[in-house]
Amino acid sequence: MRARKRDWIDIGLVAFTVLFFTFMLAPIIVVVVVSFTSAGYVAFPIPGWSLKWFANIFAYQPFVGALKVSIGVAIAATLLSCLIGVPACLYLARSRRAWASAVMTFLLSPLSMPMIVIGFASLFFLSWLGIGITFTALLITHTVVCLPYVIRTVAGVYAGLPSAYEEAAAILGADPARVFWHVTLPLIRPGIMAGALFSFLTSFDNLPISYFFASASTGTLPVVMLSYLENQFDPTIAALSSLQLLMAVVALLIVDRVYGIDKMTVAA
Amino acid sequence: MTKLDRRRFIGGATALAAGLGGMPHLARAQAKSITVTAFGGVWEEAVRKCFVAPFEAKTKAKANVSLGGPPQWLAQVEASPKKPPVDVLIMTPDLALTAAKAGLVDDFTVEKLPNLAKIPKELTDSVMGKGTLFDYGVGGITFNKNRVKNPPKSFAEFVDRVAKGEFVASVPSISYAVTPIMLIWAMAKAFGGGTENVDPFFKAMEKMKKNLVFWAGPNDFFNHLSSGEAELGIYFDGRTWNHFDSGATWIDFINPLEGGSLNGVAVQKPVNADPLAWDYINEVLDAKNQTLFAEIMNYGVTNTDVVYSDKLKPRITPWQQTQFPPYEEIAKVRNDWVNRWNREIGR
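Quick mapping for you: the protein sequence lines, in order, are chains A and B. For the first sequence, this note's numbering begins at 1 and goes up steadily by one. For the second sequence, this note's numbering begins at 1 and goes up steadily by one.
These are calculated hints, taken from the structure and not from any lab test. The beta-carbon is built from N, C-alpha and C at its ideal position, and this holds for glycine as well. Watch out, some of these pointers could steer you wrong.
Stated by the list, open to error - If we take Cβ atoms under 10 Å as the criterion, some of the chain A residues that face chain B in the derived model are:
id, residue
1, G119
2, F120
3, F180
4, W181
5, S227
6, L246
Unchecked claim - What follows is a set of in silico ranges between Cβ atoms, one per label pair, in the way DEER data are often shown:
id, chain 1, residue 1, chain 2, residue 2, range
7, A, A100, B, A53, 53 to 61 Å
8, B, K112, A, W99, 31 to 39 Å
9, B, K209, A, V30, 38 to 46 Å
10, A, A100, B, N342, 42 to 50 Å
11, B, A57, A, L83, 21 to 29 Å
12, A, G160, B, E206, 53 to 61 Å
13, A, F16, B, G192, 50 to 58 Å
14, B, T249, A, P208, 33 to 41 Å
One chain only, chain A, in its complex shape (with noise of 0.2 Å):
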C-alpha cells in the first residue's frame, strides 16, 4: 500500500519536472525553429527551411558593429569589476569593522536599483562630468551593474574559508603576496570564475543602460535588436537570438571542459 503511494509520487514529480521544463523550453524551441524558415516573416509552424536569416545577421552591418560594441563592453566591464571586486573582497569580507558591512552593502546596492534609473542617472552624471555619450561612459556604467555579481560571489566564497591557510604559508615564510599567488587565489578562484560569468552575461544581454549610452559608435546588441524588431518583422532577430544561445551554450562548454561547471554553481 505505502509503496503504491510512493510511486504515485514518483509519478507526479516526473510529470511536474516535465511540464515545467515544456513550459520553459517551448518558446526557446518554437524561436530557434521560427530562425530557420523560409517565410519572410515570423510564422509558426514554419512553410519551409532555409538559412537566409543568419547570413542576414552578418549582411547587416549594424549587427555586426553592435556585437563588437557588445563584446567589447562585456570583456572589459568583467574584468574591471574583477579587479575592483575581489581586493574589495579579500579585505570587507573578513573585516570586523562596523563600516566594512556598510561598504559592502554599498557596493552591492546596484542590485536593489532598477537597472533604468542607474542607466537615466549615470547618463545625466557622466555627461555633468564631461564624458557624454562614449565606450568609457558605457564602460563605467555596466561596471556598475557588472561589480555586485563578483563581490557578492567572491565574498560569499572567501568568507567560508578558514584564515589557517593564509596564516599557515604566511607563517612558513610567504609574503602577502605569494600568499595570494599560491594559496588565497586558488581557494577564491570558483567564486572568481562564477562572478566574472555572471557579470559577463549581465553586461552583455544588458539593454536598460545600454539604451542611454547608444551613439552611431557604441550602439550595443541589444539595442539594436530592439530598434530593428520595433521597425522590421523578419525573422532575422530570431536567427540572431538562436546564434546567441548557441554562443552561450558553446561558451558554458568551454568553461565546464576548463573549469567545471559544478564548482562554480557551489560558489554561486
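Fit chain B to the given chain A structure using the hints.
What follows is chain B alone, placed relative to chain A:
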C-alpha cells in the same frame, strides 16, 4: 617624489575622463561629420539611401547614423544641451512637443530650410514650428483577407461586428506608446467624442471586450493574425504593406470612413547642434528623396511635390483624409486615459 593626494587624484581622474569623453567631439570637428538618428532595420537602410547619401554627396561631410528610439535621443540631448550628442532628432509628435516646450530644439524657417516651403504649414505648426512632420502612417483596420471576405469599412461597423462575435479583433494594449492616439482618441472621435470626452471609446471597448485580444508590440499583431488568434485589428498602413511585400499576401488594410489617426514622425534640430544639420534636414524634406523613402517604407511623406508610384498610390492615404490628432491636448490628458484604461480594461 610627487605625493598623490585625494583632491589631486579626483581632479586628474576627472580630467582624464573628460579628455576621453571629449575625444569623439574633437574627431567630429576635424572630420566634419554630424550624427543623425534612425530606427533600425529597413528604416535605417532607407535613411542611409534617401537622406544620408545625398547629404554626403552635396556637403562632402559624413553623417553617422545612431540607431535607437526617440526617448533615448531626447534624454541624451537633455543631458548635454550645450553639446548635444546627436545633431538631428527623429521624434514622435508627443516627444517632439516635449522637446519644443523645453527649448531643446531650434525653430524651423524657410531661410534655414528651403524645402520647408513645400511642407504643409499644419504639419510644422503641429510641433510648434520647432520641427516638422516628414513621414506619417495611418492607424486603421488591418485584416486577414483569407478569413474576412467582407471587412468593416468604418470604426462603427468594426465595433458592431466585433461586439456581435463575428470576428476576434487584435487591438493595441495600453503599454504601446501610440495607443492613446491610434485607438483611444481615434475611436472616441469617430463616435462623437474627442480629447475632452473619451466615454464613447470606453463604451465601445465594453461592448467588444469578449472578442478582443491585445498586442503589446507591432510583431504581436502579425502573430495574432497569422496564427488565427484574431481575424482583424487596429494597426498601421505602412507596416501592413511592408508585411504584404515580405510575402504575407493574405493581409490588407482599410482606412476607416471616419478617418484613421495620423501618426507622424517629426524631424528636429537640437539647439547647439552642428549647423550642418540644416543641410541634412533639408535633404529629409526634399521631394525626390521623400519619394524614394516612401517607396521603400510604404508610408506617406509630406512634401507636396511628391508623386507616388502606381504601386504606392492606392496604398497611401493623403494626410487630409486622416484625423489629425491634437497632440498637445492629448499629452495633457494622456495619464488620465491610461489610469481609466487600467481601471476599466486592465489589459
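Here's how the hints hold up against the structure:
For A/G119, the interface hint holds, since its Cβ comes within 10 Å of a Cβ in chain B; the closest pair sits about 9 Å apart. With a least beta-carbon distance of about 7 Å to chain B, the hint placing A/F120 at the interface is held under the 10 Å criterion. With a cut of 10 Å, the hint placing A/F180 at the interface with chain B is violated, because the nearest CB-to-CB distance is about 24 Å. Because the beta carbon of A/W181 sits about 26 Å from the nearest beta carbon in chain B, more than 10 Å, this interface hint is broken.
The beta carbon of A/S227 comes within 3 Å of a beta carbon in chain B, closer than 10 Å, and the hint placing it at the interface holds. Nearest Cβ of chain B to the Cβ of A/L246: about 22 Å, over the 10 Å cut. The hint is violated. With their beta carbons about 59 Å apart, A/A100 and B/A53 fall inside the hinted range of 53 to 61 Å. The beta-carbon spacing between B/K112 and A/W99, approximately 58 Å, falls outside the hinted interval of 31 to 39 Å.
Roughly 29 Å separates the CB atoms of B/K209 and A/V30, a value that falls outside the hinted 38 to 46 Å. Under the hint 42 to 50 Å, the C-beta atoms of A/A100 and B/N342, about 45 Å apart, fit the expected range. Separation of B/A57 from A/L83 is about 47 Å and departs from the stated range, judged on CB atoms against 21 to 29 Å. Here the CB-CB span from A/G160 to B/E206 is close to 60 Å, well matched to the stated 53 to 61 Å.
Separation of A/F16 from B/G192 is about 54 Å and conforms to the stated range, judged on CB atoms against 50 to 58 Å. At roughly 38 Å, the beta carbons of B/T249 and A/P208 sit within the given window of 33 to 41 Å.
Consistency note: the structure conflicts with the earlier hints numbered 3, 4, 6, 8, 9 and 11.
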